[in-house]
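In order, the protein sequence lines correspond to chains A, B, C and D.
So the first sequence is residues 1 to 271, counted in the numbering used here.
So the second sequence is residues 1001 to 1271, counted in the numbering used here.
So the third sequence is residues 2001 to 2271, counted in the numbering used here.
So the fourth sequence is residues 3001 to 3271, counted in the numbering used here.
Do not take every clue at face value.
Reference excerpt, derived from the structure (chain B facing chain C, CB under 8 angstroms, subset only) [claimed, not checked]: (1) Arg1048; (2) Ile1059; (3) Leu1075; (4) His1099; (5) Pro1105; (6) Ser1109; (7) Met1141; (8) Met1197.
If you're looking for bench data, these hints aren't it; they were derived computationally from the structure.
Where a beta carbon is used, it is the ideal one built from N, C-alpha and C, also for glycine.
Number of protein chains: 4
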Amino acid sequence: MPEDLADVLHQLIVTTRILANEEVLDAFGHVSVRHPRDRNRYFIPRHRAPELAEASDLIEMNLDSEPVRPTQFRLYSERVIHGEIYKARPDVNAVVHHHAHAVLPYAISGRELVPVFHLGAVIGSKVPFWDQRDEFGDTNMLVVKPEEGASLARALGGNWMVLMRRHGATVAGADLRQLAFRTVFGCHNAKLQSQAMAHGGRVDQLSPGEQKITEAGQLGPTPIERAWDYWVRHVEKAGLMPAKVAAKRKAAPAKASRAKSTSSKRKAKKR
Amino acid sequence: MPEDLADVLHQLIVTTRILANEEVLDAFGHVSVRHPRDRNRYFIPRHRAPELAEASDLIEMNLDSEPVRPTQFRLYSERVIHGEIYKARPDVNAVVHHHAHAVLPYAISGRELVPVFHLGAVIGSKVPFWDQRDEFGDTNMLVVKPEEGASLARALGGNWMVLMRRHGATVAGADLRQLAFRTVFGCHNAKLQSQAMAHGGRVDQLSPGEQKITEAGQLGPTPIERAWDYWVRHVEKAGLMPAKVAAKRKAAPAKASRAKSTSSKRKAKKR
Amino acid sequence: MPEDLADVLHQLIVTTRILANEEVLDAFGHVSVRHPRDRNRYFIPRHRAPELAEASDLIEMNLDSEPVRPTQFRLYSERVIHGEIYKARPDVNAVVHHHAHAVLPYAISGRELVPVFHLGAVIGSKVPFWDQRDEFGDTNMLVVKPEEGASLARALGGNWMVLMRRHGATVAGADLRQLAFRTVFGCHNAKLQSQAMAHGGRVDQLSPGEQKITEAGQLGPTPIERAWDYWVRHVEKAGLMPAKVAAKRKAAPAKASRAKSTSSKRKAKKR
Amino acid sequence: MPEDLADVLHQLIVTTRILANEEVLDAFGHVSVRHPRDRNRYFIPRHRAPELAEASDLIEMNLDSEPVRPTQFRLYSERVIHGEIYKARPDVNAVVHHHAHAVLPYAISGRELVPVFHLGAVIGSKVPFWDQRDEFGDTNMLVVKPEEGASLARALGGNWMVLMRRHGATVAGADLRQLAFRTVFGCHNAKLQSQAMAHGGRVDQLSPGEQKITEAGQLGPTPIERAWDYWVRHVEKAGLMPAKVAAKRKAAPAKASRAKSTSSKRKAKKR
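Bound-form chain A, shown alone (with noise of 0.2 angstroms):
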């Protein structure tokens, strides 16, 4: 992940995009990151389509996921899902709340999710369940308090993505692009294993071995950056690559040549 504070926001606008494209956000899901250098802070958009939030509308909050500074902007009602995980997990420093469709008739039908395909692997060896439903009644279905929060952060445990009944699925990174490469694979492997079930027999699975041995390979740098390119060009395309970027190179050049993104560059150069 970018060190610099300026680019770890740009970073977080281009996965919220990247998802958005990629058909896992629509208007409701929110995506955040944590401070690059204060462990207790996240950032995260106000209240709206995650499609249409940009660096301006990001807030600083605390791990309690209230506002660092005052602000007149309304929030998400579900950011202690974020705040929360971020608390127990000191090893997750992006997180995506999101109800892609891909995963949904898991989240209604019970049936678990598991690996099928070498990019499956991602999701991890486990994707537990949580049902709000079970410790707080019938409620309006929202993760609203801290202690709702809590409540899906204990059930996502050490794991890497957590399946919320008749709601969702919330999805952790140990930075943003993990998070993009695991949500958006995740979404894929999910699709393919409900096509699969479809075929009316049994349906293979990746051997635990196989999960682990994978999933260590595919989190490594180059299929992350491989995808992340593919992505961020779909993005370019579909005309939703975040428009300040290109002001902010402009000004300060200097700062662009520091940026990890392959394909900034590659747009920079074109300019």
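Fit chains B, C and D to the known structure of chain A by using the hints.
Leaving out everything else, chains B, C and D in the frame of chain A:
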């Protein structure tokens, strides 16, 4: 809902474009809105594909679905659906009749459509069926006679969505934005329920308590505005934003400042 | 159908583009129209992907599917499908042979395709199957010999659509617009029936009386014109509207005023 | 296949863009071609998403999949798939490894993929399975060692497509255009077979005689050229046509006249 008539009619066109862009409407189907100041009248486009309808195509109808002023335009043969529901339901101010592929499988299989995820709560606690054949025998399957419309309105009863066997669905709203929200997420709920059923086992659904609390929450202004802004952005990107608005704005800037649509404001600023 | 030959040929190209844009045709398949003034001839493009065919690619054929004038163009090997149906069915003036993914599952599973919603009534009361293997044994699975085309025409009989086992479908129309309407909504019906069957229970279908009355109603000029205008708009947005039209219009404005296509009129006004 | 090296390499990039545009390749997968004048060498892009690969990214390999000239580019870890198949199969001159969602359900469910419609005949009379686990136990599921590539090539045997359990597929061709044709229609066949199986009953398939005769027919120059021109048009419309071509054409018009691609000719004429 806006109180200004021009704003209401513009919102009707925008709602229609949203529902076309979100794959609810195709060549067929229609959306109407009750007159904001005369509860015995409503507006609906002349006979044409809803995506193609402009503000200049809107016809003012009385609740018997007859044009208030003589018109040479061809009218939708099924407009009694709208008039009869406005008669029966004073709390309804907007109606859409559609044949979305997401819900038609239920109209064919007869499987009950139930809320299976939080956003699906907005279809209400029950989605009744109506079969034109029960009362009227073999017909051309269009709801053209006042008594056919009245029969459909009775089947709808106090609910917000009714499935029409071998035909489609009709959805009602307290206003146009609520109508768009209920219709789109009703379609998402239907798709997800079909996919969860294909997993072959039990399909979970919201408890009655969850449905009630969640419906109330999701129909508040915040979720609806967030989704509306997102859909409007996509309508703009698809080149479907009604052209007339810009013209009106230029001619009457004072009016623009009263517009409720944040997306329209955004657009106005850009120009 | 227009009476002017140039208008008919233009409409043939537009119909083809509509069917390509509506996911009926891909690299393969073809559309033809009977000569408006000589019932023993028909027009069909030279051998190329139908979406790419221009008016200048159209070849005039006799009903034995031989070119009326010598041509150096390669011809569709399966053109006898068209000629033999025109021979057998004086009421047919337009034919399409396609491999749409919506209907192919029926050609593979052998499940009967039945009208399951009102617009599906236009497939007719029966969609027969034809298996080339029954009469001709192992072949290259193309309908290339006159006797193969005649066999298919016999299987079609007095119906309007025939499913070809392990191959595709052939659809007939009284004119090109009716053909487009029947073909597109036949595909929608097929998709919806598949989805309803996946619900696992009984699948409803139109009663014989409903089918007959509804077919007659939907094949009237009003629904067909409404759908046509909608599809033309989408063809225009996809950049697929045949370029030649504009040129012709400019050269001969008098002719344009005779055109039946409202969408063409609309286009003409805009320029 | 063109004999001129530059033309072959351009066709490799075009084939790759076609397969990306037709939803066969995404961030992963790769296409290669044997050197047209040195049967012990082949070309494959450096490590990057195939859709993003340019002619300048192509690396010349020997059949042990080592670069003929030193390179600082990162290489595909799975390039032995290509080298080992070229070693084992003198009749193969083009290879693609992919994870298309159309075929992965078979790699997961273990259901046999069979030709179910005429165009599907090109997958050949048998599509064998290969499970890396059988011979190599728990691995990172990538085909990286020469012996893993050789094992896969043995599983392919004399066939043209092999399904890799929990991973994807590899397809071979006598040339690049045949490869594209077999790969795309192999995916269509897979989708259609899945949909036909979902109808719940028996699934028809081509008889051995039909498969053999039809495969021979479809792999002739006529169907392949027709489909190629169609896919190229769609690649052009998607803005994916490799930019280098135009430059080369302008610099060397004499070469352009030798090009086999009719679509390129068409493009050249328009300019």
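Results of checking the hints against the structure:
| no. | hint | in the structure |
| --- | --- | --- |
| 1 | Arg1048 | 6 angstroms, holds |
| 2 | Ile1059 | 16 angstroms, violated |
| 3 | Leu1075 | 11 angstroms, violated |
| 4 | His1099 | 7 angstroms, holds |
| 5 | Pro1105 | 4 angstroms, holds |
| 6 | Ser1109 | 4 angstroms, holds |
| 7 | Met1141 | 4 angstroms, holds |
| 8 | Met1197 | 6 angstroms, holds |
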